[in-house]
Structures are given as structure tokens and as C-alpha cells.
Amino acid sequence: MAKDNKNTKNTQYLTIKEEREIAKSNRKIMKQFERTKNRKNVDESEFTTQMHDPRNVIEIDNLHTYFYTDVGTTKAVNGVSFKIPEGKIVGVVGESGCGKSVTSLSVMQLVQGPVGQIVDGSIRYTTSEGKCYDIAKMPRDEMRRIRGKEIAMIFQEPMTSLNPVFKIGEQLDEALAIFEPKMSKEEVKARSIEMLEMVGIADQKKIYNNYPHELSGGMRQRVMIAMALICNPRLIIADEPTTALDVTIQAQILELLLEVKNKINGSIMLITHDLGVIAGMADYVVVMYAGKIVEAGDIHDIFKNPKHPYTVGLMRSLPSLSHVATGSRLYSIPGQVPSPVNLPDNCYFCNRCEYSFDICMEQYPPDYYFEDNHRAACFLYDEKYKDLDLVKPELPRNMADDSESKMVRKIPQGRVVLESETDRFGG
Amino acid sequence: MSNNQVAETLLNNTETLSGVEINKDNLDSNLNNAKDYLVQVKNLKKYFPAGLKGTTRQYVKAVDDISFNIAKGTTMGLVGESGCGKTTVGRTMLRLYSMTSGEVYFDGQNINKLSRSALRKLRPRMQMIFQDPYSSLSPRMPVGEIIGEAVREHKIVPNAELSEYVAKVMNDCGLPYQYARRYPHEFSGGQRQRICIARAVALKPDFIVCDEPVSALDVSIQAQIINLLQDLQNEFGYTYLFISHDLSVVEYISDTIGVMYLGSMVEFGDKKKIFAKPMHPYTQALLSAVPVPDPDFEMQRVILEGDIPSPVNPPSGCKFRTRCQYATEGCAKSCPKFIEYESQHEVACFLYPQD
Amino acid sequence: MTDNNINLTNQHDLNSEVNNKTPVVQGEMARLEEEELAVQTAKNFRSISPARMVAKRFFRSRLSIVGLCIILFVFLFSFLGPVIVDATWGYGQTEVFKIPRQSQLLTKANFEGADGRKYVYYDRSISTVTTKAPPSADHWLGTDTNGLDIFVRLMYGGRISLTISFLTIFLEMILGTILGGIAGYYGGWVDQLIMRIVDIFACLPGMPILLILSAVLTSIEEIPAEHRIYYMMGFLTLISWTGTARLVRGQLLSLREQEFMLAAETTGIKTSRKIFKHLIPNTVPQLIVSASLGLGQIILYESTLSYLGIGVPFPNAAWGSMIALADPSKGQEILAYYPNMWLPAGILIVMTVLAFSFVGDGLRDAFDPRQKK
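For the protein sequence lines, the chains are A, B and C, in the order given. Following this note's numbering from start to finish, the first sequence increments by one per residue and tops out at 427. Following this note's numbering from start to finish, the second sequence increments by one per residue and tops out at 1355. Following this note's numbering from start to finish, the third sequence increments by one per residue and tops out at 2373.
Everything labelled a hint here was simulated from the structure, so no lab data went into it. Where hints are given, some of them may not hold.
Calculated lysine to aspartate or glutamate pairs in the EDC-like style (CA-CA distance at most 16 Å, straight line) [to be verified]:
no. : chain 1 : residue 1 : chain 2 : residue 2
1   : C       : Lys2277   : B       : Glu1145
2   : B       : Lys1121   : C       : Asp2191
3   : C       : Lys2056   : A       : Glu142
4   : C       : Lys2274   : B       : Glu1145
5   : A       : Lys24     : A       : Asp70
6   : A       : Lys205    : A       : Glu194
7   : A       : Lys304    : A       : Glu394
8   : C       : Lys2274   : B       : Glu1153
9   : A       : Lys392    : A       : Asp382
10  : B       : Lys1121   : B       : Asp1206
11  : A       : Lys137    : A       : Asp61
12  : A       : Lys137    : A       : Glu18
13  : C       : Lys2056   : A       : Glu18
14  : C       : Lys2270   : B       : Asp1107
15  : A       : Lys167    : A       : Asp203
16  : A       : Lys206    : A       : Glu170
17  : C       : Lys2056   : A       : Asp70
18  : C       : Lys2277   : B       : Glu1153
Here chain A stands alone, though its shape is the one from the complex (with noise of 0.2 Å):
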């Protein structure tokens, strides 16, 4: 008994001389990245490139954000890149610890340091002034001009993302003011309550005076919106901004959101992981897996054509209008999300998926392309590997259809007839 206990605390934890090690080299790499990150005066050049196509709103290239924890590194984003075109939704979907939140803090260059770094990639974003920069080179002071002005964030909890002891109106005068020094008090007080107008709020006068605990979390993620879209910025970051709320406030708040994308004509980053949301939102759709990216493309091919093992089993795993009319049993993806620490060099989802081969095994799938944007990170797809009659992972036939067979709830509205009703109330 004594022995296997040993033995699980042998498998289970590190050992005082790995932590250390550890530890030191920890130690000697935030050093070095929290150095050139903290540098003042900085040539623009350094950190000015060139937009691959003018069209894109960012572009998120090779993105590497790595976390020095003290039980090894947790590379919570690593390689990740893709686009969000202008005036378009990119939603962002994944488990829980996926590195979707990761992304979107990079972005914003607001990854916890010293112990979380942008290790290596670019983030190429154009201001409304036509500069193109690299985020992920920019020095701390410079990113302060982008950062709430240019690309600005709803966070998922509005009740912790609102200071409780400011009441609404400053808040969102002190939001505007830092960007807009010129601007007078009226002047600010009246765009912040057209802003409140924007987001649905009808007694604009009244919720500007109110504190954040006077409001409901609906109207709390209204004000957010609002504080948000204050300096009107080109791009949108939403990072689970309904995932607290209930489906009826849900859907307010997403209507709110296609609305306010339509005025300000920017392009948003949505990061959830509820599919039905996406569906709903999306023009494009990443999928993310232990830091990569494992399928992307446009919303039709990643619901009606997913390629990836991984976005099938998550599709297949939603309890959906066949499963209730048959009665089946819910398909279930078997196993636990990898920890990110110390990834082996194979595919991350083998150990999970029921087509992976031998080469999953052995490699980490470079990325397949499809027709369109539509890519896959799976060997299945390889054309070296043809003749082995590869069973590839397809959706039930309801769901990938477009025909009529699909089913579709129609929920009816107001008074239901019923078929009793004739005879019961005599018409």
C-alpha cells in the first residue's frame, strides 16, 4: 500500500529539484521578455508592418502566448492564426483552458505578466489613422493609444468588470475622457448618454446616476456594450458576453450586439463556448483545441461540413431535436481536455479521437485546406495517406442537411389552439 502510494505521488507531483530548475529558468526568460516589453522611446519602425490584405481588420499571424507557471510552461496559445475582415463576426469557440480567452487578451496586450508572455508571432492591426502596427512588438506605453480606443473588450462578468463604488455616468465619462482630453464635460456627458441611448437603455438620465448594484446584470452588460463602444472603436472583443446571463437577457443582449456592429460599422471577436451562440452570430468560426486552432472557415462549412474530428464530436455532443425524437443516446466525447503543460509532439486530441492512426501518434497534423478558407489540422486529410481507406468523421444526416427533412421547432406565438379545444369550449 505504502509503495503505490509512492508511486501515484511519483507520477502525480514534481519533485523539489525539477520545481526549482523550473523556477530558474522561469525566472531568466520573463526577465528578459519584461525588459523589452517595459522599454520607453521606441523606435516606431520596430513595430510598423505591412497589412497582409488591407481588407482585415487584424490579423493574427503564428500567435504564441506562453505562461511560466511554476509547474512547468503552458503554452495556452500556440500557433495560432487567423483574420477577422472588416465589418465581419469571427467567433472563437472551445472548451474551457482552449486558450480562446488567451487569444483575445494577447490581442489587447493584456496578458497577466511576467508569468504570461506573447512569445512569438505578430498581431497586425491598422488604426483609423492608417498606421499598421504589431501588437505583439509594441511596447506598453504605445499600446495604451489602442487599447480601449481602437480595439475595445466586453468581459463576461459585468458585475466584477464595473468599479461598485463609481456610479455608471463616471465611469463612462472617465472612459471617453482619457482618449478625448479636448472634449468638455458637457460635451462628454451627453455622448455618454447617447451611448446608453445606443445599447437599449430607456432612462438613460436615471442609469447614469445609478451605481453598478443598482442594475441587473442585463443592464449591467448593456453598460459595458456602451463603455465599450464609447471611443467607437474598429474592433470588438467579446469574450463570453453572454455566458452569465439567462437565454431571455441572452438573446437581448445578442440582438444588442448585431445592432451596434451595424451602426459603428466595426467587426467583432466573439469568444464563446456555446455553439448555438455562434451559429446565431458568426460569419466565421475558429475552433480551438489545447492552444491550436483545430478547424476554421466559414460558418456554413464548419456547421454543415465540420472536418475535424474534434468539431464533428463536439457538434455530435449537443443534445439536439433528433436525439429527443429518437431517444438516442448523446454522443460523448471520451476523456479530459489535456493539461497544457509539456504537450507531446502528436496531434493533442489523439487520445480522444476514435479515427486517430499511427501517424497521429507520432506528429502534430500540419493544417489541411478545403475549398474557401475552410482548414483542418488532421492527418485524415492528408493525401499521403489516400489508400488507407480512412473512415472521416461526418455529422448525422439531419444535421449537415440543408433540405427540408432537417427539423426545425416551430414555436408558435400567443394563443395555442388546441385540438381538444373544439369540443371542449365549442369553438
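Given the structure of chain A, go ahead and fit chains B and C onto it with the hints provided.
Same frame as chain A, now just chains B and C:
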């Protein structure tokens, strides 16, 4: 003592207000087929004291006059938005909270009348699975102890067979017995929820209240836990009360569904009937707000205006009228009665005839 | 290793379960190697055990290391020191050393002569004294007014201080945990009653009552002088458990609302088990912190009592009574010319109290979950 007094006075006050006649009707029909039902809830009320307004004590009417029955071996889903009192229903039913008034019958016994020791004896038969797998496991206890503790105390199995039994239960719930000596912090969310399920299942219960058991879990893990719950039900014939705000999950797992709004039940009935023909405007709005994972699906959302009113001062008459697009003047005057319009489908709304 | 294998078999089951529904050809081959693979991933990821995490956070602060070193030193000094002294030189705290030395006393007195003029009287006589020896190789810190070795008495003083403070804090914790636990668990009128008792005890002025108690104890002849300090400390426990009771009650009130307590309630286990198996173990970190912060306070109390002469009775040593030698009301001489008599005891008190504070603070930071990364 004082609690009971408050309960009684409240009972007297409110009985005159809300329709007693219907409740009596319900009572009669329930008594007729009482044998089929494992759990019967009648006029359950739970008010939490919420400070004073002037000199009168105010109450949060978390659960306000709810009645339903759950048949043996079936699953009842309870849906509603946060703050509608669905969690309170689950906890009050198990007498984790003392009820303000009403009756809960479990297998024919009125659990509110049970003495402390009798209740303790009955406890193993009614179990609960909680939403947060992190706070629902005692952090300083190994998993085997968490699961086996109450088994030993209630002598579910002889002490000599305890470890064997725990191993079997853990295996049933998809946990290797080797984990028994580990502590909860070493597990992921999904595994922790399995431990919670194992703890409940180990007591050989008849009835399990699942309070948002999958809400805190990732999509791919959710399906694992739902499947586990269903497998266990198929094997051991458990009766579930499945509380959730996720309608698609509730639709999948439940046989009957109750929709709650602000402490009251607005619609109750067979799952298929409710989802095919939601009669109450709130149910309709709720169903239409569920995001469908299909980009071609055209959302015909019924967007509800405003927020849920405060349960301390709920609107007069029908509680939903402040957000209801079909509301008329009559809705403010009196409460709609909860009436069965077709078999296994009850609604409380003035859109439908009230006699 | 075994652990991992079992883990895998389980995953295996899960897989086959899934595959029953959707047979896949190439999956077979993959799963053969799956065991190895998962073992590999398990090897790749290892965490830090919570105990080590606490230790790590504790040792991250330099002050807590300093505090720990001081405490360790004081412990060795007071518990191992006397043993060594006894073994090598064969004496203890009550041995009187008569070390003769020449001492010139300068005494000055003003008086008015018969003629009405003012005179000053100087006495410059040289006398031989056997006490108050300066530091020497035999007596590292010299001897005191009674000819007792100061260095050795410091050791014995530390011994009594630490023993008393640990005993007191231990009793205090037990009393506070039980009463606070009952108040926190049951709530309602039980809580009201206990907390009012706590309030009453908390507003008793400790020092004046201790002074009165000492007078009372002295008048009772059955109680030997050496035992008086234990009675006093017992009384100190009675008035200082309130802090612990409040702490435990507060903890329990928040723990009671946690879902795992509701879960314990649904399983229908006994109340005593709920309190002692589920609740109290979760308050242990806070208790340890409060105890280590409290230790310093008790040492201060004990020293004060001894300084006032109502603590540890002479000839037994105590840090407080050693400082009392320099009491200015008995003349400035020792305060001014013999720092070796009182300064070391003072330094030891300050060091020990500070050390316990450092360690307490360090432990609090180490246990505090908000510090978690």
C-alpha cells in the same frame, strides 16, 4: 418555533388570496393516483425574510405556491431563469430548507411532519447533485471517504464489504477505484461531478435532485455526465428532478417539464406537449431564445423586454404580465388559475378560458 | 504506474462503449498504443502537491524564513541550552556566583551644615562586591545583582516563556474552537448566547484583573509560588479564547453555506461528524495562523507579568523579571551601567515576538487561496 408560527400566519393570509378551489381540485386528483407518484409537492411555499419595510417584514417569495408530482422512474425537468426559485424548490423538497407552507410527500410520507431522526433515516433515499463540482466536495477528505462516509453511517452495506461496495459504485460512475485515496482537488470538473454522482448513488436512493449538474461543465464533458445519469436511471430506476436553465438538455433528459417564472409554475406537462405546443407566452419566449447550433436556422425570437421583477415585490395578478406582450388589464387584477387543458398539460394564463 | 494503467482501462471502456455505436476501422490499431501514450502524457504533466504549494509560498517570503530561523534558534537556546550547561559546568539558574571585584562607589549627597551653608558630601570609598560581575569567559553575560549567571538565566527564562505560551495558546484554541464551532454551526439563539459571552469576556480588562488575581493568589497559602504563573495563564486563556471563537464562528458561518455542507446534510450523517469531519478541518489553516500570531502576544503578557513581579517568582528566571532589574524606580544605576543585565532579555523578547509575527504573516499568505496563481 417562531418559524412555524410565521409559516402558519402566512398560510392563513395567502390562502384567501390565491385560489383555494383549484388546489383542492388538484389534491383530489392527486389522491386518486397517489400510488404512481414517488414525489408529490402540494402548494409548496418558501419565503425568505428580506429585511423590513416600515414596520412590516418583507419576504422574498422564492417559491410561491407550487404543486407537481413526479412518477416513479421518470425525470421531471424544472426550467426557468436564474432567480426564479427552481433551486429553492429542489432544496425545500428535500427539507434542506424549512418550508414556509405546503406539503411534500415522498413515497407517501409527509416529509415536513417527520422528526429529525426519522428524516435522517429517510435522507439516503433522497439525494442531490449540485451545480458546482468544486464547492460541493469537502476539500479535505479523500474521495473514497466522501463516497463511503454516509454508506457506513446508514449501514447500507455491512462494514466488511464497504470498500468493495465503494469500488463498485465508483466503477459504475466511471471512476477507477485507485482514485479513492486521492483528494478532490486532483480531479477535473467532469471527474468531480462523477464523484458527486457516486456519493449520491452509493446510498441507493430512489429520488435524486440534479441541480444544474452540467451547467459548470464543458460541452464534451456535459454529454458524458448526461449519459451517465441516463445509464444509471436505466439500470437502477432512479427518479430524477432535473433542474436546469439549459432547455435543450432538459428536453433531452426529461419526461415531464415544469416551467417556472418568479417563484410560480406557469406551465407543466408532458415534455413532448410542452415543446410542441408551448401555451404560456413565457414558455414560448424561453423556447425561442434558445440558440440553435445551426446557421441556417432563422431565429424567430420573441425578445422579452426588460428584466425579471424583484421577487420581494412581484407584480400583482399574473407575475409575467410586466414582460408579456399579450397582457391585458385583467392580468393585473387576479392570478390566472393553473388548469389542465389537455391531459398532462397545465397552464396558468388568461389567454385560455379560466373555467 | 498501476494507477495509470487502471485509469486507462477505464478510458478503454469508455471508448469501446462509444465505438459500439460507430464502428471505426483504424481506431483499433491506435488504441493498442493508447496505454503507453497516456502514460506518457501523465509523465509530461505533473503538478505540485498542495502541502508543497503552501511551503513554497511560505518560503517565498524572506521575512518568514528569518522568523522561522529565530524561532528555531530560541527553541534550541532555551531547551537544549540548559541541558548543555548542566552537563558541562553543572549548574542551573539558581547557582550564586560570588566573584569578588574592587568597586569604587561614588556617592554624593547635598546637605545643609549647621552654619547654614550648603555642603556636598562625597564618598569615594573602595569596596569589594561579589555580584554584578561583568561579562567574562566563565559567565558570558556576567552575573546579576544576586550573583546569578545571566546567560544561563536567559535560557531558563526562554524555557518558561515558550512553555507557558504554547500551553496557553493550545488551551485557548481548544476552548475557542469548541465554543466558536458550536456557535457557528447551530446559529440562532445558541450563537447569540455564545457570542454575548464572548463579548463580555472580550471587554474584561486583562491586566488589572491579573493584578488583582495575583494578590488573591498570594493570599492563598495552599498555592505554591511557582504555580501561580500557571493559574494566571489559565485565567489569560479564559479571557483570550474569544478571538479564536470569533474566528472559528466566522469561518463556519461561511463554510456552512458551501455546497459540500448541503451535500453532507442530504446524506444524513450525524451532526458531530459534520462539525468535526467536514467543518473543523477546513478551519485548521486559519487556526494555525491565528495561533502563531497569538504566541507572541502571550509571551509579551508573560513578560509583563514577570516584570511587575507577579509572574514567575524569584529565584526562577523569566525574561520579564530580568528586565525588571533595570527598574528605574530602584535607581538608574543598572539601567545606565549594566546593560548586560537587561538588554539581552529585552532583545530576546522583541526577537521572539517579531519572529512569531513574521511566521504568522507568512503562513497566512501561504494558506490564503487568493495568493494562488
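Outcome of the hint check:
no., hint, verdict
1, C:Lys2277 x B:Glu1145, "10 Å, holds"
2, B:Lys1121 x C:Asp2191, "27 Å, violated"
3, C:Lys2056 x A:Glu142, "36 Å, violated"
4, C:Lys2274 x B:Glu1145, "13 Å, holds"
5, A:Lys24 x A:Asp70, "10 Å, holds"
6, A:Lys205 x A:Glu194, "10 Å, holds"
7, A:Lys304 x A:Glu394, "10 Å, holds"
8, C:Lys2274 x B:Glu1153, "12 Å, holds"
9, A:Lys392 x A:Asp382, "12 Å, holds"
10, B:Lys1121 x B:Asp1206, "13 Å, holds"
11, A:Lys137 x A:Asp61, "13 Å, holds"
12, A:Lys137 x A:Glu18, "32 Å, violated"
13, C:Lys2056 x A:Glu18, "13 Å, holds"
14, C:Lys2270 x B:Asp1107, "24 Å, violated"
15, A:Lys167 x A:Asp203, "15 Å, holds"
16, A:Lys206 x A:Glu170, "13 Å, holds"
17, C:Lys2056 x A:Asp70, "10 Å, holds"
18, C:Lys2277 x B:Glu1153, "13 Å, holds"
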